Amino acid sequence: DQQVKQNSPSLSVQEGRISILNCDYTNSMFDYFLWYKKYPAEGPTFLISISSIKDKNEDGRFTVFLNKSAKHLSLHIVPSQPGDSAVYFCAASRVSGKLIFGQGTTLQVKP
Amino acid sequence: GAGVSQSPRYKVAKRGQDVALRCDPISGHVSLFWYQQALGQGPEFLTYFQNEAQLDKSGLPSDRFFAERPEGSVSTLKIQRTQQEDSAVYLCATRGWAGNTIYFGEGSWLTVV
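If you read the protein sequences in the order shown, they are chains D and G.
Residues 125 to 235 in my numbering are what the first sequence spells out, letter by letter.
Residues 2 to 114 in my numbering are what the second sequence spells out, letter by letter.
Treat the hints with care, since some could be wrong.
[To be verified] Partial chain D-side listing against chain G, Cβ under 7 Å, derived:
1) G167
2) P168
3) K222
[What the hints assert, rightly or not] Some chain D residues judged to face chain G by a derived CB distance under 10 Å, without partners named:
4) Y160
5) F213
6) G221
7) F225
8) G228
[Said to hold, decoys possible] Quick list of in silico lysine to any residue cross-link-like pairs, SDA-like style, CA-CA up to 20 Å:
9) K222/D - G17/G
10) K222/D - E107/G
11) K222/D - F66/G
Don't read these hints as lab results, they were simulated from the structure.
Computed from a predicted model, the values in this text were never measured in an experiment.
We put the beta carbon where it would ideally sit given N, CA and C, even for glycine.
Let the hints inform the model, and build the full structure from the sequences given.
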């Protein structure tokens, strides 16, 4: 049973435009959500997070939106840059801190 | 150290061989996690330590997998009698007391031939 789902395996956008990566979850007990970015042959790198008591968190070009009623979160990257090309994982956790990951979305930003 | 350090980065093991993977956490981080990532998949939870106590080992796939953290710092994931399906990246991650963010190492890439 996949508790965290990223239904788009890949996404391609033009440099300078907005990238929107989506994530759905099924467990309403999750209270913290994170996005990680992964380059080939490297471990996941923390990008941005959001607590379940918020609906938006912004950090520079990255904004995460949380819609609890829809059990949906999204990551917006504006403007997208070629260096953003990577695999993006969303993850959810409960108090214990154990992360449940989605399958990942490969983002390609074209110059 | 500045980040989570894992060794070896790459390991090729013959089927049936035992392997040991090491994780050096960020200094002072009390929570330590091991994840397994198969090709094309997201990381999957294996086990969790708080200091030296192993609080959750529900993700370990079989009794061939064993993890320890005897002094609450360095951790070792041991896989006995490796099988081809054990081939994956093994990721270690740690978290401090105050935050919710979990930081990952670069992973140990295991190939069983």
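> Are there hints from earlier that the structure breaks, and if so, what are their numbers?
Replying inline: Violated: hint 9 alone.
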